[in-house]
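Protein chains: 2
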Amino acid sequence: MNVGLLGCGVIGGGVLQLIDNLPKEKGFKVVKVFDLPIKKDILKERFAENASEVCENSEVDVVIEAMGGDKFPYECIKTALLNKKHVITSNKEVVSLHIEEFYTLAKENGVFFMCEASVGGGIPLICSLIDSAKVDKIDHIYGIINGTTNYILTRMQKDGVSLDEALDDAKALGFAERDATADLEGLDMTRKICILSSIAYGGVVNYSDVYHYGVTNLTKEILKDINSLGYNIKFIAESKLVNDTVRVSVEPVLITNENSLNGVSYEFNAVYYNCLSNGLLGFYGKGAGRFPTASAMVNDLVRINDLKNPYYFKNEKLFKVENFKNESKYYVYDGIKGKIIDKLMDASNYKFVARIF
Amino acid sequence: MNVGLLGCGVIGGGVLQLIDNLPKEKGFKVVKVFDLPIKKDILKERFAENASEVCENSEVDVVIEAMGGDKFPYECIKTALLNKKHVITSNKEVVSLHIEEFYTLAKENGVFFMCEASVGGGIPLICSLIDSAKVDKIDHIYGIINGTTNYILTRMQKDGVSLDEALDDAKALGFAERDATADLEGLDMTRKICILSSIAYGGVVNYSDVYHYGVTNLTKEILKDINSLGYNIKFIAESKLVNDTVRVSVEPVLITNENSLNGVSYEFNAVYYNCLSNGLLGFYGKGAGRFPTASAMVNDLVRINDLKNPYYFKNEKLFKVENFKNESKYYVYDGIKGKIIDKLMDASNYKFVARIF
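Those sequence lines, one after another, are chains Y and G.
In this text, residue positions in the first sequence follow this note's numbering: the first is 12, and each later residue adds one.
In this text, residue positions in the second sequence follow this note's numbering: the first is 12, and each later residue adds one.
The following block holds chain Y by itself, in its conformation from the complex (with noise of 0.2 angstroms):
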């Protein structure tokens, strides 16, 4: 399977990078990159000067888009798919938009398109949201979808610093970009959950339609406040279908800390949906970062190579199998009190043993 990639960035390049390492025999080869002339030097006889090289290159079977932005990757998933390549995108400007009309081009076209990497980055949800849909009711999504803020408000709680500070340390780590408006007021996640909830639901939820309020206000005294009744801080999307109408909102929320959202911290996201049959479902993994979201593209590549080449176990390696044991401590009870040892000989002198996790 022949990948053109749009975009050799920080993802796009984690793509080029995971495509490159995967076992030859599975087949999978990146052709063509389109980029910036600076990039010429690099990706020498791949380097594309411009999108078309991809798009309509008729060696190209997968067109892989990581250039972010809203109007140049819409013209160029659209003409990826009417040239019949599948196409795969972390983008969710551009998926948030043109939801309906990518997956219909793909359908009228014969090819797929996925988007698991433009929610979530790493953790494997849209796949998951598609599957539930298709044979349950999902009437509830919420959860934390923004490494940004969540790692902002992680800071600010645990660490005492003001949200400048915190912004400040999410762009020296690579959390954050240099303009973060779109995190801090929340359309990152307004792009997120009208997604979610357009696939979760069957139909289309507009941008323009979602009610969101953002963190940029908050300060250190307002979260002393908030926490002296008992309360901490989450930077939430949430989506509830109700009849015909969804009801929908990124705001923050306060929450107590037996709320499962208390342990998602700094960047990590955490999202939550409810089924009819199936209850609630949660998921949890890197809402950002090179690896994470080049991973989920990667994944989307394999998926679709697999409708020709279904999952088979081979019991392939030979493994010893141990315990624990060596590298923890245990609590021990004796049958009258109970004390935490380095190394547990034998459970079997001991009442009750368990170890330390």
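Just to be clear, a hint being listed does not mean it is correct.
A pair holds if it fits inside one copy or across any two, identical chains being indistinguishable in the list.
Straight-line Cα separation of at most 27 angstroms, BS3-like style, residue types lysine-lysine; simulated pairs [unchecked claim]:
1) 340 with 231
2) 328 with 118
3) 118 with 40
4) 55 with 40
5) 37 with 118
Simulated from the structure, these hints should not be mistaken for lab results.
Model the placement of chain G on the given structure of chain Y, informed by the hints.
The following block gives chain G in isolation, referenced to the frame of chain Y:
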């Protein structure tokens, strides 16, 4: 796609109901159901007196096994695969013992073997694990994969009841079987961690090699002692790949409040696994019960069918979009102090607002 069902009890009956309720145009039909003669009146012309009427029936495309047990299901699954039927099972005993043989037979006969429901009930865990293993390296898996014991430990911790009292309640609620030994001793989790490890690492991990220590001896006094040390207790399965060794155990562990497993209560399951590129992924949902398990099996069915009919988004519904303001209390901060109000009229009246979640 014609389905033959083996077993029409709690799980099998749920599968039958879910498939019967799918829209006709999806093309799934249960044509034969094998169960005890007592079910003949309910199942009518679909009733099969013996399993071969299902496993060797030329009208059946997919066999769904929901009988439980070991020897007889093993023979049935083998027969079905040799007769070129796709097989879907929720039976962890038989999968943990014969995983390699089943996948090999499926491959040789050009059909699929699917066992999503054998671990973690309705959680889309095995499909994610398979996807991750294809493009990434999984080196660590851990989690709560037995709903019965997690229910019991949660009740002991939250309500101060004894293990026997909690077990009785679990039985009354249908979370525990009459003989709960396999759950309490960790045998059930041992089977499940073997299945997950085998698929994740690409080599069979044998049931008999795995260290397991149960929670049968846990008392209220021990729990109190554990809490006094600043810990809570969870009963987990864990496996780690270290070179060519799989370090694996099923045992109670002590965790601190901050551990994300602490929020996994009652009959819920949660599994985390770590990937080299993608980092830590987590999955949460109902690990047992009629419809979660049946959902997972019907999802496997749809996945088999999808290899010919991929997903395309259709904008089928027209939604009205609103927010949560009418059903929620809000925290509002006026610049000096915060308070909680019943209804937010206008966020711009305040310096900061947040919804009570």
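Hints and how they fare:
Proximity of residue 340 to residue 231 under the C-alpha cut-off of 27 angstroms is restricted to the inter-copy arrangement: shortest distance 22 angstroms between copies versus 38 angstroms within a copy. When the C-alpha separation of residue 328 and residue 118 is checked against a cutoff of 27 angstroms, the pair qualifies only between copies, where the shortest distance is 19 angstroms, while the shortest distance within a copy is 40 angstroms. In this homomeric assembly, residue 118 and residue 40 come within 27 angstroms of each other (Cα to Cα) both inside a single copy, at 24 angstroms, and across copies, at 26 angstroms. Proximity of residue 55 and residue 40 under a CA criterion of 27 angstroms is satisfied intra-copy only: 15 angstroms inside one chain copy versus 54 angstroms between copies.
In the homo-oligomer, the alpha carbons of residue 37 and residue 118 lie at most 27 angstroms apart both inside one protomer (26 angstroms) and across protomers (17 angstroms), since each shortest distance falls under that limit.
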